[in-house]
Amino acid sequence: MMDNDSALHEEIATLLPRLRRFARTLAWHREDADDLVQLSVERAILHSSSYQPGTRLDSWLFRIIKNAWIDEVRSRTRRSELFAPEEEGEHVGDDFAEAHQQRMAVQKAVSLLSEEHRLVVGLVLVEGLPYKEAAEVLEIPVGTLTSRLARARTALQEMLSEQARTV
Amino acid sequence: MKSFSDEILMAYADGELDEVTRRAVEEAMNKDAALARRVAQHKAMRNDVFAAFAPVAEEAVPPRLAQPLRQATVVSLDSVRARREAEQQAARKATRGRRWSWPEWGALAAMLMVGVMAGHYGVGMLPVDQGETVASREGVLVAQGRLATALDQQLAGSGGPVRIGTSFLAQDNSYCRSFTTAQEMSGLACKQGGAWKVQLAVQSQGKSQQGEYRQAAAEMPTQVLDAIDQRIAGQPLDAKAEQEAVQRKWQR
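Residue numbers (the working numbering), protein chains in the order written: chain Y, 5 to 171; chain R, 31 to 282.
In short, the hints are calculated from the structure, not lab data.
On a predicted model such as this, the values are computed, not experimentally measured, just so you know.
Each hint should be verified, as a subset may be incorrect.
[To be verified] Restraint-style ranges between C-beta atoms, simulated for each label pair:
1) I74(Y) x R52(R): 33 to 39 angstroms
2) E143(Y) x R100(R): 29 to 35 angstroms
3) Q281(R) x A103(Y): 39 to 45 angstroms
4) K73(R) x E120(Y): 21 to 27 angstroms
[To be verified] Coverage of chain Y stretches by chain R, computed from C-beta distances (three or more under 8 angstroms per stretch; other residues unrestricted):
5) 39 to 49
6) 148 to 158
[Unchecked claim] One side only, chain R facing chain Y, incomplete, derived with CB under 10 angstroms:
7) A84
8) R94
9) L95
Think of the CB as a built atom: it goes at the ideal place given N, C-alpha and C, for glycine as much as any other residue.
Kindly generate the complete structure, drawing on both the sequences and the hints.
Put into structure tokens, the structure is as follows:
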């Protein structure tokens with residue numbers, strides 16, 4: 005039992021960079037996102053017996069993160085502090101800065117999506133889960149996932165072209 | 031011409047369509063430039079969103095996230111200890127001669143040390159910036175240069191040429207930190223008398239996994255973990271305690 009657990013813990017440890025990335029699509033602030041990951045990892049350890057070997061471990065962890073986010077963490081983060089002024093494109097000029105600015109613009113647009121849109125975007129576009137897998141994480145039918153994803157993309161497109169006009 | 035919903039085009043861009051529908055979309059795209067553009071837009075959006083968050087996965091993982099995964103395996107302390115001791119025995123056998131502890135070697139001049147190491151590892155494996163990271167001061171090995179700077183300033187888990195593993199307060203009331211240099215030399219240094227005294231250093235085994243995710247503690251050689259166990263008083267420092275220690279220049 006102990007060896008199974010430690011093997012599982014090892015595997016979870018190798019997924020930490022992706023868990024942090026997914027969490028960052030939900031919570032803008034690094035600290036909030038890491039709090040979310042920490043809480044989720046603790047829950048995963050506690051409930052490791054509910055993981056079914058042979059199924060995707062990442063999906064199982066994403067579901068734990070989603071639930072932790074909805075249950076607890078979300079209410080503690082402050083949306084008004086979403087963007088500190090210095091985080092909005094202060095460097096202009098070279099290619100690196102431009103790419104950075106582009107990334108910031110997309111991150112910002114994602115942060116302004118609705119909760120359920122952010123979840124589908126994080127799972128499918130950022131973490132690359134197939135629709136079916138993402139639908140299972142969110143416990144919704146594939147059709148619902150597909151239409152949410154389409155609407156989320158439209159919303160992003162609108163925000164990004166809006167930003168492009170105002171810059 | 032058959033028209034496709036936005037959802038179908040999106041699913042095509044995401045590689046989610048079945049063979050038949052996929053072919054039908056491709057056929058339509060060949061004839062309809064506007065349709066092809068919409069598909070391209072979906073693909074571009076997917077790429078942009080992925081790229082926006084990709085750097086997060088490259089960041090060093092804060093130790094507080096990995097910590098519970100290491101501690102929770104301690105079901106019975108005795109069995110863990112027994113297993114670890116067995117592993118250490120095996121590791122010692124495997125690395126016989128690869129381990130050198132600074133107290134034993136400390137009396138040797140740094141030049142001789144480099145010579146011995148060069149003989150042992152072959153010149154190619156010799157840590158090239160040896161002089162830059164460790165110096166012999168009155169028979170004691172002291173961190174300097176890049177290593178000293180990292181020990182003074184870097185928080186555990188953050189990246190850079192030198193990676194800091196764990197920070198803790200030792201039983202003798204000095205601060206100690208484990209580290210790994212760019213040359214894969216891992217060790218433990220404690221702040222004593224205003225300097226980082228290297229307690230132990232071990233050349234990590236072979237294969238470096240450049241670019242891959244690595245966790246500072248997971249790659250620490252057993253000898254270093256052992257040395258930490260022998261010295262640690264209480265728990266490793268968390269990020270906040272580390273920051274405070276940095277501000278106090280690691281003095282008690």
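Taking the beta carbons of I74(Y) and R52(R), is their distance inside 33 to 39 angstroms?
-> Given range 33 to 39 angstroms: holds, Cβ gap about 35 angstroms.
Are Q281(R) and A103(Y) spaced within 39 to 45 angstroms by their CB atoms?
-> holds, 42 angstroms
If you look at each residue in the segment 39 to 49 of chain Y, do at least three have a Cβ nearer than 8 angstroms to any Cβ of chain R?
-> holds (count 5)
Grab the minimum C-beta distance from R94(R) to chain Y and call the hint holds if it beats 10 angstroms, violated otherwise.
-> Cβ of R94(R) sits 6 angstroms from chain Y, so the hint holds.
Do the numbers back the hint for A84(R), that is, is its least Cβ distance to chain Y under 10 angstroms?
-> holds, 8 angstroms
Does the CB of L95(R) sit less than 10 angstroms away from some CB of chain Y?
-> For L95(R), the interface hint holds, since the closest Cβ of chain Y sits about 5 angstroms away, which is under 10 angstroms.
Take a look at whether the Cβ-Cβ distance between E143(Y) and R100(R) falls inside 29 to 35 angstroms.
-> Between E143(Y) and R100(R), where Cβ atoms are some 31 angstroms apart, the hint holds.
Checking C-beta pairs, does the segment 148 to 158 of chain Y have three or more residues closer than 8 angstroms to chain R?
-> holds (count 6)
Between K73(R) and E120(Y), is the Cβ distance one that fits in 21 to 27 angstroms?
-> holds, 23 angstroms
The structure is consistent with each of the numbered hints, conforming to all of them.
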